[in-house]
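Student: Make the full structure from the sequences, and use the hints.
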Amino acid sequence: MRISTNQMYRATSATISNKQADLAQLQNQLATGKRSASLADDPAAAAGASVLRSDLAANSQFEQNRQIAQQRLSFAENTLGSVSDNLQTARDQLIAAGNGSLSDLDRKTIAGQLRQGLATLVGLANSADGQGGYLFGGYREDTPPFVENGAAVNYVADDGARVINVSSTRSMETAFNGADVFMRIPNGNGLFVSAANSANTGSGIIDSGRVANPAALTGNNYEIRFQGSGSTSTYDVWDTTTNTAISTGTPFTAPASIAVPGISINVDGAPANGDKFSVLPSGNQDVFKTLRDAIAVLETPTNGNVTAVANGLRASLANLDQALNHISDGRGAAGARLNELDQVGVLGSSRDVDLKGTLSKLEDIDYVKTISDFTVTQTGVQAALASYAKISQTSLFDYLR
Amino acid sequence: MSSGILSVGASGLTAAYTALQTTGHNIANVSTPGYKRQSVVQTAAEPQFAGAGFMGNGVTVSTISRAFSELATREVNRATSRASEAETQAAYLKRLDSLMGNADTGIGAAIDNLFNSAQSMSAQPSSTGQRQAFLNDARNLATSFSETVDSINLLKDTSVRDLTQSLKNVNELGKQVASLNSRITLALASGQKPNDLMDQRDNMIQGIANEISVTLTPQGDGALNVLVGNGQPLVVGDRFSTLAATTDPNDPSKISMIMITPTGNVQLGSDGSLMGGKVAGLMNVHNRDLADVQAQLGRLAIAIATPMNAQHQAGVDLSGGNGSNLFNIPAATADAFVANTGNAAIGITIADASQLKASDYRLDFDGTNYSTTRLSDGTVQSSTTLPATMDGFSLNAASGAMNAGDSFSLRPVSTRANGITAAFNDPTKVALAQPVAAKATLTNAGSATVQSMSVGTTANANLTQPVTLTFTAAGSFDVAGTGTGNLTGQTYTPGTAINFNGWSLTLFGTPRPGDTITVGANANFAGDNRNALSLAGLGSARIVDGQTPAQNFAATLASVGGQARAANFDSTVQGAIRDDAVAAEQSVTGVNLDEEAANLMRYQQAYQAAAKVIAAAQTVFDTLLNMGR
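Residue numbers (my numbering), protein chains in the order written: chain G, 1 to 401; chain V, 1 to 629.
In the DSS-like style, the derived pairs of lysine-lysine whose C-alpha atoms are separated by at most 27 Å in a straight line are:
hint, chain 1, residue 1, chain 2, residue 2
1, V, Lys168, V, Lys156
2, V, Lys94, G, Lys19
3, V, Lys439, G, Lys289
4, G, Lys369, G, Lys19
5, G, Lys34, G, Lys356
6, G, Lys34, G, Lys19
7, V, Lys175, V, Lys193
8, G, Lys369, G, Lys34
9, G, Lys34, V, Lys94
10, V, Lys439, V, Lys429
11, G, Lys361, V, Lys94
12, G, Lys361, G, Lys34
Worth flagging that the hints you see were computed from the coordinates, not collected in a lab.
Tutor: Written out as structure tokens, the structure reads:
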């Protein structure tokens with residue numbers, strides 16, 4: 001086959017150009033450390049890298065979210081701890097107030113301390129969350145969630161849970177509902193609550209009672225009515241919901257265990273004729289009211305009869321114990337969420353490392369291989385140049401005289 | 001007798017001289033593009049009968065022939081057209097590749113930033129700084145879309161300029177071929193082939209083949225008729241037509257070609273593949289490849305902006321006002337075909353952005369059925385009336401009516417990505433809260449609490465009506481309130497959504513009989529992040545034809561990269577085929593200097609030998625003259 005002179009030059013110069021282009025591309029790879037200079041070099045890797053980068057960005061966003069969640073939950077846990085201390089102090093004060101040798105004035109002094117504790121408690125309930133809102137205020141940020149208006153403390157915020165996405169698969173509530181924490185606390189012993197009627201004149205003291213037979217609990221309201229006094233003291237147990245008598249005319253000697261369906265409850269002391277005691281199913285009572293009731297009991301003059309104080313303090317202590325348990329549960333929940341956040345955080349960090357590793361595999365060059373490719377291509381270019389020089393030197397004209 | 005030798009010698013001298021000149025011509029033109037080597041064809045002169053036999057009379061040069069292989073030349077033209085089409089396409093796709101492939105600042109990063117700042121907003125909903133950051137990211141997303149699409153439009157403009165230049169070249173070359181045709185026809189009348197003129201003509205034709213594919217038909221009188229593209233006559237004898245590029249009359253986003261003939265304009269269509277050569281590459285790049293990417297980006301932009309708008313409108317801002325649109329989305333366009341006889345104007349609205357496809361469409365009406373064709377794969381959907389819905393958008397006759405045979409070109413997604421803008425800049429107007437809230441009554445004895453609540457994006461007139469759920473047992477409740485139908489005995493399962501009036505409420509815990517949950521208008525907007533969570537959630541939802549936004553953008557990158565890669569391969573392969581074809585032609589027509597050097601030696605010796613013959617004739621004549629003394 002004939003080769004024209006043009007063809008010789010054209011073919012060899014094309015080969016040299018191509019080899020030089022290859023060399024330039026390898027040089028670029030070595031300089032940037034990246035495998036692909038363009039999408040065309042490896043479209044699948046480019047697409048994969050794009051999605052990986054997106055995942056990495058989302059991953060670090062969730063880390064930021066976790067920090068905010070952690071802040072809120074830590075704040076809440078600490079505040080609940082302070083609330084717990086506050087209630088514990090109040091409890092100690094109530095127990096001290098139960099000492100029978102105290103005078104009205106002494107009790108009034110303790111009541112004053114309780115008042116201060118209550119004010120602090122309201123302040124704690126209205127704690128700021130460090131981000132412009134309130135810890136226990138749900139979605140409301142402009143006014144504090146707990147408002148005192150004379151006789152009561154009201155919750156004026158909402159049930160907002162302030163959910164934050166802490167990972168791509170987990171959302172976490174970062175708010176503790178003020179109503180749940182401070183307002184919806186069961187009274188009594190959680191199942192039923194006993195109280196002495198405020199008009200009682202005797203010295204009968206009723207205790208908190210305990211469940212004797214869970215199956216027999218009816219959830220109805222009961223009343224224990226005393227007649228007579230001293231050795232002729234008897235009592236009736238009435239179901240005031242159905243208005244039926246459970247038992248009547250049972251003789252009473254203190255201390256006595258009174259049979260109310262499913263419940264065993266003790267009355268001690270000497271109830272007067274007409275004294276009544278109620279046993280009601282538990283409802284919700286806010287902790288502020290519990291403290292207020294205790295303050296009221298301690299501030300009422302006794303006129304020598306400390307029975308009302310004893311009954312009132314016993315009821316308040318039962319409610320306060322409920323509150324303490326409730327707060328402790330809340331702290332436990334906060335602690336559990338913080339633990340979970342830590343675990344999610346650990347997972348997030350290791351995912352970050354994984355993603356970065358995969359991205360590097362897709363994008364970065366293997367230096368060893370690329371350098372050896374470069375050396376081979378360089379040799380190829382040199383060979384092409386040398387052979388071109390040789391070919392272009394030979395011509396028939398050189399041999400003609 | 002001696003004059004016989006003299007004339008024989010002289011003929012040999014002349015022949016050798018002609019051959020030497022032709023060899024010199026070859027050597028001189030070794031680098032002339034399109035030159036085909038010439039050689040002298042010698043024939044023995046007519047012999048003379050001289051009694052003892054036929055006496056030779058020397059040599060005549062019958063013609064100077066051109067080394068020409070029609071097959072090889074045709075192959076070269078064909079391969080040149082294919083190679084330049086592939087190279088043009090590869091070059092443009094390479095520019096598109098580098099446009100789209102910038103990882104740090106492109107659309108992919110902007111999408112990530114938007115949804116990540118929505119997440120930040122959801123963690124701190126009342127923070128003005130976070131809200132402002134989100135609005136900035138929304139603006140950045142709109143900008144990155146519009147900048148990318150604008151750059152693609154610039155590429156399109158460049159391709160149109162290149163196309164115009166290319167067609168100018170074709171027209172100029174066509175004119176020259178026409179004039180060469182007439183000169184060659186004239187020269188052929190002399191009985192000999194005008195080799196150099198024919199070389200020039202072949203060169204011009206190869207130049208045309210680089211721009212557009214050619215088919216040659218000889219016209220008997222030596223002229224070559226040049227048909228281009230799918231058989232359009234560019235040059236017929238000495239007459240030529242010209243080609244021009246115009247906006248496609250039926251679809252303003254496309255380029256089509258017309259041929260301007262003495263009898264009027266002929267519309268050649270907008271399908272580049274019929275044309276071949278650079279023209280095909282440029283038309284395909286403009287009408288198909290770049291338009292494709294614009295459609296994909298447009299679809300992605302609308303598929304993100306539309307649900308973001310809807311979700312934002314379902315929420316309320318810091319003052320309790322309903323959210324407005326986050327993004328302004330420009331309207332889709334529909335254009336009537338020029339041949340339409342009806343007076344309809346077609347409007348396009350988005351019905352479900354998550355079903356949009358990255359394609360243009362055509363609407364045809366045959367008198368009974370309205371058929372909508374998806375141009376990317378030819379799928380057709382028919383209905384007997386308008387409005388009709390297909391692939392997430394709906395068509396309606398905004399005014400007038402279509403006649404049978406009318407058609408419209410529809411662009412629901414193509415040209416819209418560079419018109420999207422962020423609608424507002426006031427951080428207090430970002431709607432992160434929801435208009436309704438649920439509350440467990442304080443006196444509830446049970447433990448049922450509100451876990452989560454969401455609001456649908458379809459407007460419900462009773463959304464903020466007060467509704468009370470009253471539990472009659474741990475597992476059932478009654479509902480009362482306008483719009484609920486006041487149903488009784490509804491089943492309650494913790495964690496299962498309860499839906500009324502357009503909201504969806506999930507409760508947790510165990511209620512006691514008598515417990516109530518109330519739902520009503522929300523009054524606390526600052527700390528409410530529920531709509532922010534919904535907005536952020538769109539980033540990982542499959543809102544783009546079954547993919548998440550990040551997945552869809554990655555798919556677009558893969559598609560651009562894959563096409564660029566394929567175009568590179570094609571360009572390499574077609575280039576190699578062209579090189580082979582050129583080599584094959586060159587082996588027939590090319591000048592080899594060493595061969596010509598050998599020829600020089602040969603013809604030089606022939607010349608010297610013929611001169612010696614003349615010298616011998618002179619000696620004979622001298623001898624004759626000296627005989628008479």
